[in-house]
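In case you want the letters, here they are:
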Amino acid sequence: AQSVTQPDIHITVSEGASLELRCNYSYGATPYLFWYVQSPGQGLQLLLKYFSGDTLVQGIKGFEAEFKRSQSSFNLRKPSVHWSDAAEYFCAVGAGGTASKLTFGTGTRLQVTL
Amino acid sequence: EPEVTQTPSHQVTQMGQEVILRCVPISNHLYFYWYRQILGQKVEFLVSFYNNEISEKSEIFDDQFSVERPDGSNFTLKIRSTKLEDSAMYFCASSEAGLTNEKLFFGSGTQLSVL
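Taken in order, these protein sequences are the chains called S and H. Quick note, the first sequence lines up with residues 1 to 114 if you use this note's numbering. Quick note, the second sequence lines up with residues 1 to 115 if you use this note's numbering.
Pulled out of the complex, with its shape left as it was, chain S reads as follows:
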């Protein structure tokens, strides 16, 4: 069965600093990988996804993520964090090679200090 681990429950960074949120997955085949963001009172918004091809994927809001098969990782990065990036971030893997049934991690709550 597939699983996703987000080792960091809570991260605090200063505005303007770089950010890396960790995600490790367990999946038997080539995974479909996603990062979602949830702001308070909002639904889950897709930041970026990886299905195949270039292992460095660009997303919205200046985020990027790199798929590393050898490390079973899909870490999310942003070079300069803005206060509006404060939210909960979820990594997810598509089960069964589809993009419809997702297995999520427990999430990482990002706090941004001014």
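Be a bit skeptical, because a hint or two may be false.
Using 30 Å as the maximum straight-line C-alpha spacing, the simulated DSBU-like pairs for lysine-lysine come out as follows [unchecked claim]: (1) S/Lys-49 / S/Lys-61; (2) H/Lys-103 / S/Lys-49; (3) H/Lys-42 / H/Lys-78; (4) S/Lys-49 / H/Lys-42; (5) H/Lys-103 / H/Lys-57; (6) H/Lys-103 / S/Lys-68; (7) S/Lys-61 / H/Lys-42; (8) H/Lys-103 / S/Lys-61; (9) H/Lys-83 / H/Lys-57; (10) H/Lys-103 / H/Lys-78; (11) S/Lys-49 / S/Lys-68; (12) H/Lys-57 / S/Lys-49; (13) H/Lys-42 / S/Lys-68.
What follows is a list of derived Cβ distance ranges for each label pair [claimed, not checked]: (14) H/Glu-85 / S/Trp-83: 31 to 39 Å; (15) S/Gln-58 / H/Gln-14: 46 to 54 Å; (16) S/Ser-18 / H/Gln-17: 46 to 54 Å; (17) S/Asp-8 / H/Glu-59: 27 to 35 Å; (18) S/Arg-69 / H/Lys-83: 36 to 44 Å; (19) H/Leu-115 / S/Pro-40: 17 to 25 Å.
Chain H residues, not near chain S, derived (Cβ > 10 Å throughout) [claimed, not checked]: (20) Pro-2; (21) Gln-11; (22) Val-12; (23) Thr-13; (24) Ser-27; (25) Asn-28; (26) Asn-51; (27) Glu-53; (28) Ile-60; (29) Phe-65; (30) Asn-74; (31) Leu-84; (32) Glu-85; (33) Asp-86.
Simulated from the structure, these hints should not be mistaken for laboratory data. Bear in mind that the values here come from a model prediction, so they are computed numbers and not experimental data. Ideal Cβ placement from N, Cα and C applies to all residues, glycine included.
Mind docking chain H on chain S? Use the hints.
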């Protein structure tokens, strides 16, 4: 951007009562889903629905749960006899296509509290 709408945003019910959570997916979408998130835990898949039938369901989705698309716009999740452990945030999602879809659109959720 189009959005998935869920009502109510908060629902409080007594244990043993039936609840219906409502969702209006994006109008041209064909695939519909329910996920839930118990406080402090992972977002979990419950069920997917296509062409008026369940495509896939998790072990969580037992006989107490049912889904329905009663008309052309709504997608509902019914819990027949709620239990304390059903307290969670329930997310509806929809997508234009299934197997090859790249994007699920999620609603903002219904917080269900079972007392």
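Each hint, compared with the structure:
| no. | hint | result |
| --- | --- | --- |
| 1 | S/Lys-49 / S/Lys-61 | holds (14 Å) |
| 2 | H/Lys-103 / S/Lys-49 | holds (9 Å) |
| 3 | H/Lys-42 / H/Lys-78 | holds (21 Å) |
| 4 | S/Lys-49 / H/Lys-42 | holds (19 Å) |
| 5 | H/Lys-103 / H/Lys-57 | holds (19 Å) |
| 6 | H/Lys-103 / S/Lys-68 | holds (22 Å) |
| 7 | S/Lys-61 / H/Lys-42 | holds (24 Å) |
| 8 | H/Lys-103 / S/Lys-61 | holds (16 Å) |
| 9 | H/Lys-83 / H/Lys-57 | holds (19 Å) |
| 10 | H/Lys-103 / H/Lys-78 | holds (25 Å) |
| 11 | S/Lys-49 / S/Lys-68 | holds (14 Å) |
| 12 | H/Lys-57 / S/Lys-49 | holds (23 Å) |
| 13 | H/Lys-42 / S/Lys-68 | holds (23 Å) |
| 14 | H/Glu-85 / S/Trp-83: 31 to 39 Å | holds (37 Å) |
| 15 | S/Gln-58 / H/Gln-14: 46 to 54 Å | holds (48 Å) |
| 16 | S/Ser-18 / H/Gln-17: 46 to 54 Å | holds (49 Å) |
| 17 | S/Asp-8 / H/Glu-59: 27 to 35 Å | holds (28 Å) |
| 18 | S/Arg-69 / H/Lys-83: 36 to 44 Å | holds (41 Å) |
| 19 | H/Leu-115 / S/Pro-40: 17 to 25 Å | holds (24 Å) |
| 20 | Pro-2 | holds (12 Å) |
| 21 | Gln-11 | holds (16 Å) |
| 22 | Val-12 | holds (18 Å) |
| 23 | Thr-13 | holds (21 Å) |
| 24 | Ser-27 | holds (17 Å) |
| 25 | Asn-28 | holds (16 Å) |
| 26 | Asn-51 | holds (13 Å) |
| 27 | Glu-53 | holds (14 Å) |
| 28 | Ile-60 | holds (13 Å) |
| 29 | Phe-65 | holds (16 Å) |
| 30 | Asn-74 | holds (17 Å) |
| 31 | Leu-84 | holds (21 Å) |
| 32 | Glu-85 | holds (18 Å) |
| 33 | Asp-86 | holds (19 Å) |
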